[in-house]
Structures are given as structure tokens and as C-alpha cells.
Amino acid sequence: MSLLETKTAEQQAQGHPIVNDFSIVAATVNGSGSQTANGVILRALFKMGIPVSGKNLFPSNIKGLPTWYWIRVSKDGYLGRQEHPAVLVAMNMATVAEDVAGVVPGGVVFYPDDWRIEFGRDDLVFYPMPVKSLLKDVDVAPRLRDYIENMVYVGAVAAVLGIPLEYIREAVSFFLGGKEKAIKLNMDVVEAAYRHFREHLPKRDLYSVEPMDKTDGLILIDGNTAGALGAVFGGVSVVAWYPITPSTSLIDALRDYLALLRRDPETGKATYAIVQAEDELSAVGIVLGAGWAGARSMTATSGPGISLMAEYAGLGYSAELPGVIWDVQRVGPSTGLPTRTSQADLMFVYFLSHGDTRHVVLLPGNMEECFEFGWRAFDLTEYLQTPVFVLSDLDLGMNIWMSRKFDYPDEPINRGKVLTKEDLDRIQSFARYKDVDQDGIGYRTLPGTDHPMAAYFTRGTGHDEYANYSERPEDYFENARRLLRKHNTARKIVPKPVIEHDGCREAIVCYGSVEPAIVEARDILRDRYGREYDYMRIRALPLSPEVFDFVAAHDRIYVVENNMEGQLRQIMMIEMPEHAARMVSVAHLDGLPLTANFVVEGVLEQEGK
Amino acid sequence: MGVVRTTNAIGLTKADYGGRKSTLCPGCGHNSISNQIITAAYELGINPHTVVKMSGIGCSSKSPAYFLSRSHGFNGLHGRMPSAATGAVLANRHLTAIGVSGDGDTGSIGLGQFKHMVRRNLPIVYIVENNGVYGLTKGQFSATADLGQTIKKIGTNDLPPIDICLEALAADATFVARSFSGSVKEVVELLKAALHHNGTAVLDIISPCVTFNNSPDSTKSFAYGKEHANPLHDITFIPLADEIILDDYEEAEADGKKPREVQLHDGTWIRLRPLAMDYDPTDKMAAMRVLEEAHLRQELLTGLIYYDNSRPTMIDSLQIVDTPLALLSEAQMRPSREALERVMASL
Chain A
1 MSLLETKTAE
11 QQAQGHPIVN
21 DFSIVAATVN
31 GSGSQTANGV
41 ILRALFKMGI
51 PVSGKNLFPS
61 NIKGLPTWYW
71 IRVSKDGYLG
81 RQEHPAVLVA
91 MNMATVAEDV
101 AGVVPGGVVF
111 YPDDWRIEFG
121 RDDLVFYPMP
131 VKSLLKDVDV
141 APRLRDYIEN
151 MVYVGAVAAV
161 LGIPLEYIRE
171 AVSFFLGGKE
181 KAIKLNMDVV
191 EAAYRHFREH
201 LPKRDLYSVE
211 PMDKTDGLIL
221 IDGNTAGALG
231 AVFGGVSVVA
241 WYPITPSTSL
251 IDALRDYLAL
261 LRRDPETGKA
271 TYAIVQAEDE
281 LSAVGIVLGA
291 GWAGARSMTA
301 TSGPGISLMA
311 EYAGLGYSAE
321 LPGVIWDVQR
331 VGPSTGLPTR
341 TSQADLMFVY
351 FLSHGDTRHV
361 VLLPGNMEEC
371 FEFGWRAFDL
381 TEYLQTPVFV
391 LSDLDLGMNI
401 WMSRKFDYPD
411 EPINRGKVLT
421 KEDLDRIQSF
431 ARYKDVDQDG
441 IGYRTLPGTD
451 HPMAAYFTRG
461 TGHDEYANYS
471 ERPEDYFENA
481 RRLLRKHNTA
491 RKIVPKPVIE
501 HDGCREAIVC
511 YGSVEPAIVE
521 ARDILRDRYG
531 REYDYMRIRA
541 LPLSPEVFDF
551 VAAHDRIYVV
561 ENNMEGQLRQ
571 IMMIEMPEHA
581 ARMVSVAHLD
591 GLPLTANFVV
601 EGVLEQEGK
Chain B
610 MGVVRTTNAI
620 GLTKADYGGR
630 KSTLCPGCGH
640 NSISNQIITA
650 AYELGINPHT
660 VVKMSGIGCS
670 SKSPAYFLSR
680 SHGFNGLHGR
690 MPSAATGAVL
700 ANRHLTAIGV
710 SGDGDTGSIG
720 LGQFKHMVRR
730 NLPIVYIVEN
740 NGVYGLTKGQ
750 FSATADLGQT
760 IKKIGTNDLP
770 PIDICLEALA
780 ADATFVARSF
790 SGSVKEVVEL
800 LKAALHHNGT
810 AVLDIISPCV
820 TFNNSPDSTK
830 SFAYGKEHAN
840 PLHDITFIPL
850 ADEIILDDYE
860 EAEADGKKPR
870 EVQLHDGTWI
880 RLRPLAMDYD
890 PTDKMAAMRV
900 LEEAHLRQEL
910 LTGLIYYDNS
920 RPTMIDSLQI
930 VDTPLALLSE
940 AQMRPSREAL
950 ERVMASL
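Which chain is which? The protein sequence lines are A and B, in order.
Counting in this note's numbering, the first sequence runs from 1 upward without gaps.
Counting in this note's numbering, the second sequence runs from 610 upward without gaps.
In isolation and in its complexed conformation, chain B is listed as follows:
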């Protein structure tokens, strides 16, 4: 009996979405995020050659080498990935950009580029693999580390953390989500939704550093994540091909919690089934409030925190042609001899 090859809608196997062997520490949260990116891309049937993987510098930024080997990658400068990604997407508007950054890359050195990218609403899935610590330089606090947290050799952190999701909201982000690298299904569903979002999708994924920041009192540790992760809702991404299953509604009505559905620009849906509370992710004030409240309670609030599909993307605003600017013909790029003569005559 031969081996049955399982393929997705475009005939690729999951292995076709794989990458090189990870050189991160065994057990690193970033590795599971890489796997979840592979799963999401495979299940959505994304053509790997249409993806560009962009990253900065740090442990997180190494990880694009470990997934989607058939996609072009760009491992650039510390904190400057948003600008390179902006250039790449401007050059070819049909590319799907996946940016992978870390808390040092986004929260410290790159906070400016991050916020301006969000403000421009560049179409990109922007993942922050957030572990609150600098790993490659051996364990310094990052800007997202907890106030009062202690690391041996380094001391106690006396600064409040920067909240990536709040920063994104303040910059008028159109898709803001938080999750925990150990919450496999939630991360995959959020990634799928983000990949269908037209605009900047910010995913702040708490991803424990098993080497430098995994003591149970750290909000970025495995133990803390497992204990304190508090999903706002049960999230499911519904591709165009899938019908909405009525059973869900019946079941929901039975327990009095009706799922909230949000349609993305391309007609796909995100279904959010309320858990502890009925949360409206299109209410920006509510989003800010729940984030602040979770922060006060030292709680890891996960799920789709904010969604807005009304704001134009950077590509929309620029009113550029559909042909990628990288692939313009010579006739489109170089005005005619007569055009130059007209300009010369006007001077």
C-alpha cells in the first residue's frame, strides 16, 4: 500500500509549507508559532510564492527561515522591518506580507516604524513574538517586561511594560489580536483571519522564552500563560467555501450566547463565540478598556481585540495601478521622447 499524500486546495502538502530546521532553543514558543503559520497557510491553500516573510533582528526575527521555504524572506535590520515591508508591498501589491518581530524589535528600537506602519494601514500580518526578554544577548529586560519582575544577574525591572496592542490601537490599527503561543487553535484561527484582512493585522503572541524568562511569576511564562490566558471568545475563521453551520446558532441560542460574526473585506467571516462575556471587537473604547483592565488584573486576555474594515489601506490611498510597480513595462516606466521635448520647451 502506498503512502497517502494529503494535499490542500491547491495540491500542496503540508511539507511544502515547511522551513529549515529551527536553531532556536528547544521548547521556544516561537517554534510553535512557526508551526501555526505553516498550518494556517496550508489550510488556507495560500500559494507560498505569493508570500514574503519580513523580519527584523532577534530570536523572533530568525524564525521566518523555519517556515514557508518557498516564500522569499527578508531578514533585515533591528526594528526596521516595517519600512522594508512597506517598500516590498508598494513594489508588488499582490504579495502577502507576513512580518515577524519581537518585543525588543517592535517595543523598543522599532516602536516608531511599527506605529507608522500601523498608522498607514499597510497590508501585512504583523506578528510580535512577545517574550519580554532579549534572548540573543542573554536575558535583558525588554520594553514589554513586567513591572517589578526579577531576573537573576539583571535585577528588578522598575519600568511599566509597553502594551503592543494598546500601542497598535492608539495608532488606529484595523486588526488587533493577542494570543498565547501555547493556544494552538486560537493562534491558527487568528492567523487565518489576519491573512484575509486588508490592512495591518497586529498579532501580539505571548511566546515564552524557555531559557531566560520562564519563571512562573512572569506573565510571559508557559505556566503563567496556561493558568491566566483568558480568551474573550472562541474564535473560528470561516473561509468563503464553507457554509455557516446552523447547529452553531442553535447551540448558542440554547445557552443564551449568540456568536458574533465579523465579515472581512474579501467576504470571509470571523465567528466569535462569547465565553465569559459578550465582547464587541468593533468598539475601540471597549478594546482599550478591556486591555487596561486585564493589565490591572495581570491577566492574559486573548482573542480578536479590535477589528475595523472601513479604513483604507496604504495601497488604496495611493491610488496605484493594479499591475505591480515591479512589473511595469518599459513603456509604462519611461515617458516618450515627445514628453521630454514638451518638458524642455516649458522651461
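Same shape as in the complex, but just chain A:
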């Protein structure tokens, strides 16, 4: 049993009620329409002021395979995954044995009362739900029956845990867009189940929820929607993409918000274009072609798409083309686990392409950063004139997180070093790849600039400062050196790490979606083990100077990441070979988000080694 669950079990053994501090799992069948039911419970708890997070563990399948929805309820605001739920809603006969086996001692199981099975656990509280008989009294079309069935468990959970019905109603209305008829149909079922439990099934378990005030002014959102919104406020104008889980919903959100926010007020026409390309090769080609011609352009994909984009990534680096590429990481290699999360594309993306290539990679770790990096990526890609990757993952991208409301961009749009016709009138000659400012970034002109000096020949082949073809060794060398100089410029302007430096000798370092697990793990390590660690979350590649300083100031660095080989640690070791020995890998990948428990045990296990 894990450390956290030991604590819960202790409380349970002593008969203490457990309030606002457990996980709920709804085990259902994919395609049965349970998403609304799960969303309603999550949102109702959130509106009660209780910190929550929602994680959908779904199969690569349209209909029929098992799926689990995890809701973490945490009075302390911990949003990471727990290994075992305290409350199980068992709606899938195919997985019920395994599901029940995973519930913490003293936990709760809801199940349809027509299942004739032995659960084999006498330490749990079982609540049968009269799903069929409750639905008999409700006037519902046969095609909606499966979907509406799920509302029975919403009512049951609300009654037993103590979620007031007005919160459920508000959440149902939110998901059904205020459509009264549909709301009534759903609420009739919810209320029937609620009444049944209140009247016939006295509460026998220790779990409950109570209103708090910890979600005031917060929103619930997923990272793909947050990233899409960021892009909209970053002025994205050309979007090209190819469908792939788990990035597709980012494009869906872009389509919705662009249609809402980016129409010409006079003509009603779009100030953007979205193209579903024939593959990811074409998608990224469209993005870089548009970036070259001066539009803010982006694509979103996942690992297999990134593999296809490798050739264009090299061209983008070499010919210095702007464009934003989101990689919502899933588990690879190859098709891997298409619906599971990982952080295993980091090295591949950083060095994507043959030849000496290093890219700028932004690493958002929460919803606000998905939004912020969503717009900032465009300023960076146009300023640096190189593709900018944003590495999210399925856990950030598709799961539901609480967040502060997003801040409006605090800087005006920066289009970078672009020479206009008027600029060209003022200068004697134009050399596209000349390092005028000694920061590695040349000046460019956009196609269509009405000046005899404006044109240049963009190429992936070797070139001199004037963009002419060149095989001269010194031209190649100087150009490659300038590109490294540019990479070092990027180092200074990409998002700096988040650092909590309290003078500890040891520190935990991570990037991206593993932060919630580490926040919780550091509290456990302090409270239960008396061990304190400084903390740094890296937010971009290349590594900022602050990262080097932080590493130098600590004797031991635990690098926590959701991949097999400790890729962030490897990059840090490449960049800081003199400090390589002090970096310890705490890495794991099985398709699920890391837990606090894993981090605690992983760090403790490495202690003193």
C-alpha cells in the first residue's frame, strides 16, 4: 500500500470521517456517454469550492472498451493522480473485479443492483443502484437510455457524498447549454436516484464532501483548449494540421474560438485559415511556408506526426523559418499507447532533424502556461526566425484542471526583424543572413515587398550571407556558428525556470505535467520524513542561465520525469558535463501520470546512493 493510502487507511480504521480528500473513479464502457455524468460531478464539486482535477483514462477505441474517469478531491489543493480510489462507481462488468480490488480499504462501491456477482471484499461499503427500475419511471427515448443511465450514478454519488442538488443542476445546465428540456430529463433521473438513496439506503461509509472557498475566481479547463486560446490571442492566422490523438482537441478549440473571435467585423470574413492537410508532412510545410511569407502559423500533433515533421524541422532551422509546432505527447515509440500520456519526446524534438540541429522548445506545466506559451510562442518564433515547439502532453492537454483565469498578454505583438520597403530605401544593401546585431538573428523581408532589393532565395542548401548557394567551407562554418549564436540568444529570452530556492543542498527538478505530483511529494517528504528539497521546474529549451546557476548551487539534483530514460537529465548532463555526477534520475513511464507516491519513493530510494 502506498504512503498516502496508509494515511487514509489509518483514519478509516479509527472511524474518522474523511472529508474532501479522496479520489472517485467511474469505471464505464467507452462510448456509453458517461463523459457528461463525470463532468457534472467534477464541476459540481468545483463549484462547491473544493479543489478538484479530472483525468480520463480512455482506450484507443470508439465504442466498447473500458474507460475510467478519475476525480481527485483535495482540500489541500493537490491535483496529481492517486493510485487508488476511495469511491468506485462500477458500471463496467468487464472490469469490475479489477476495479473493486483497487479500492482503498474502507472505500465505497456503487454498482447496478442487477449484477449478480461476488465482490470478494468485506472491508468495503457496497451501494447497489437500481438503475433499470429507476429508469422505468422516466420517459426517455431508447437511444438515450444508455446515456441517461449514467445520471443514476450522479444522483447516487451526490446523495451519499453530500453534493447538494443545486450544484448538480447548475453543472447539468452548463453541459447541456441551458436547454431546459434536456436538463429536466437528466435531472429527473438524478433526483430519482438521489431520493432513492436518501430514503432507502442509509449512509454507512466515512467519505463525504463539504463546501469550501478554495475555487473562487478559478476556472476549469484542459490544456488543449488553453493552448488554443493562447494561440488565438497570439494572433495565429494560418493553421494546418492532421488529426491525431491527443492533439486533435487543440485544433477543435482553435476552430471554435477563431470562428468566434477572428472575423472581420465589416465583411464577416475570416482573418485566419485552417487547413486539414493530407498528412503531417504537408501540415508543417504549410505552416513554415506561411511563416516564411509572414503569417503567424501553427500546427498541433503528437509523436508520430513529429516523426514525419523531422525533415521540415531541419529546413526550418536551416532556412530560418518561423512556425509554431505543438506536440501533445503520447506514449511511443511508433504508435505506442495513443491515448496515454508521456514526456518521452523531449530529446527527439530538441534535436529534430539530421545534421547539427537544436530547436527552441517551450515546456508548459499548467493551464496558465499553456495559454501564455500559446501566444508567446509566436513572438519567439518570429523574433528568433526558427520553428518553436511547444511540448505539452495528454495529461495536460486532455485532462481537466483548475486554473487562475488567464492574464491578457502583457506585451504587444513582436513581429521580429522584418525590413519593409521603407527600411530598404534607407539601407545600401540587404544580406538576409548577415549577423548585423551580433545576436545570430538576421533581418528578413517578406515576399511581396515592393522593392528591387527585397527578394532573396530561401534554401535548405548551404548558403552565404546573401542567401546564395555556397559550398565554401568557411561559409558553411560561419553560418552554422551563427545559428548556435542564435540558439544562445534564445537561451536568454525563453521562459525562465520556476525556482523555489530555500537554501537546501538537494533539489528536485522537473518539467511540464509532473509538477502536481512533486508539489504533493515535497509536502509528504517534509511532513512525514523531515526532508526538504529545493525545487526547479524548467520551462524551456535551450536551458536558461538560471538553470545552470541552480544546478551549480546544489549537491544533488533529482530529475523527475515521465519517460523511461530520464531525457531531461540527459540533456542537462550534455549541457553541464561538469555537474553530471550530481544529477539523479527519477523517471518512470507506464502511460499514466506520475503520482506523489512515486516521487516520494523514487527520491527516498535514491537517497544516499
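Heads up, none of these hints are tricks.
In silico BS3-like cross-links for lysine-lysine, where the CA-CA straight-line distance does not exceed 27 Å:
#	chain 1	residue 1	chain 2	residue 2
1	B	Lys630	B	Lys747
2	B	Lys623	A	Lys421
3	A	Lys434	A	Lys417
4	A	Lys203	A	Lys136
5	A	Lys203	A	Lys132
6	A	Lys434	B	Lys630
What the simulated footprint calls covered on chain A by chain B, stretch by stretch (three residues with Cβ under 8 Å from a Cβ of chain B suffice, anywhere in the stretch; the number is not a length):
#	region
7	212–221
8	258–268
9	284–290
10	398–408
11	444–452
It is worth saying that the hints were derived from the structure and are not from the lab.
The C-beta atom is built at its ideal place from N, Cα and C for all residues, glycine as well.
With chain A fixed as given, assemble chain B onto it according to the hints.
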């Protein structure tokens, strides 16, 4: 006496449309196509800065460096030029895109991007400089090489050729033409028409490789082209300013062959004067048939094979604003603070 500078309608000399010195083999068919692009652009009075030259990889794809130096060029990836061109045109819908590709670039590695570009009807003049052979890697068969053709060191080609024009037609192309790089007038007139077409104009130009594929039995050789090129019609592009000359009609009526005229979306015309047969380039089935027949006869059929100005372009379908997306103002690109507040309130 001073030198008389000849200029076109916008006051540029032909030299203003020139490029760098070609590094292709002397006598390469691609060089004459470059010259014909220069002639067409000069005679039409196109502003070079409004043109983008897009290309992939290969001998053909090097050639945009050898014409229109005042136009931006983009020499990208093998077979992936259509996507980069799509992005460029989406970013600035007022650019005139000239794509230059080869038979390897279009017929093999890039067949997918080629067909999807055609299917989208991206506004672009897409030239395939087709020589049936890989030159830069020293003489391998390409996908358009003839069945049974023999190249020393490589052997005999046992696969049927891909016909670029048929592929274009199958993808619902709106402008399909074939010519021979040695047929100067025809190539120039087709280029002019293509430059005025609103949509993808596919020009499959047989362009002999003097080094690797010029033996007289190859359908991509000079000798074969000269011998077997069979124009469907005598083609003339008529710009808006020019009047239709009645003499033509009289002359045509006298010999019983009335010219067929096709109007382009911008009001210009293409006049096709029938030669061996009276051919209707708006009949897609006929286009497919003549291509198959020419293939059977090992004949190089040239001219405007198909034309359709009814299909919307990609730009039309997307319903985007007239201002190039590359040149939107900050106010057009970034929604207001209030808009963000509304979105936040809705979550």
C-alpha cells in the same frame, strides 16, 4: 546614338526578369523553360515582387535561381513544395506562385502533395520539368520514364510511366497542359495563360536531359520531341488590352477551322486554333481519352488539354479577408481584453 532600352508595360526591361547564371548542363531543357518564364513574365508586365518561386529538390528545382531574381524564392524539400507553396499563398493571397518541380519531385516522392494541391485548387502555376530521369544522382529512371526504356549501367525500365497530366485530371485539376521545352512559342503562351488562371495550372513540360536521357528512342529526348510533338492546336494568349483580330476568324473560316476561345476568370482569353482535329479542352472525358490514345501511339500530345474555371480555389473556399493574413494589424490579430474576459467567464 544611345542604346534604346526596350521596356514592358510597367517600365521594366527583360533583364529585370533575369536570374543568376544557370549551373545546369549546357543545353538542358530546363534552361529554355527558365527563359520562357522570363519572356512570359516580361511580356505580361508582371511585377516581379508579386511573384514567389517555389521549388522542391532536383535539377528542375534549382532553376528558380536562374529567373526572376527580383522575386522571393523558396527551394525547399524533395516533393514537399506544394505544402510550402500552400502556406505562402495562404499567408499572402495576392502573391503569384510559380512552382517548379521535376518528374522525380512530382511523380515519385511528391505525388501525394501534388495531388492534394491540385485537389484543393491552390492558385499556382505548377511546372513539371519532365525528363524521365534523376540527373543529380546520375541517371536513374524516374516514375515518368518509358516502359522498356534502356539506360546503360541502369538497365531496362519494366514499369509503366506515370502520366502527370492524367494524375492532375484525376485530382480534378482546373488547368492541365503539356508541352515540349523546345516549343518556345507554345510554352510561352501556355505560361501566360497559366499565370492568368485562378487555380492550380499544371504544365507538364517535356524537357530533355542532355546528359542522361537524350537517346532518340526516349520520348523525353530532343530528337523524339521534335519528331513526335503533336500540338492539339495553335495557342495564343490574349491579354485584356488586345483586341480580338477579326482576320483570324476570316482566315479560319476560309479553311473551315474556327478557333475555339476560352475566357479566363479575369477576362483574358485563350485562343486555340485547331490543327489536326477540333479539340474541346473543357471536356474532361475527351482529355482523358486523348491522353490515353497519345500514350498508346507513343505520341507527345501538346497544348491546353483541359480547362475549367468553375471550380472555386482554395482561397475562395476558405472565405478569408482580402488583406493578406501576413499583413494583418495587431488589432485584427489579437482579440480584445474584454474578449478574453468573456471567454474566461464562459468556462
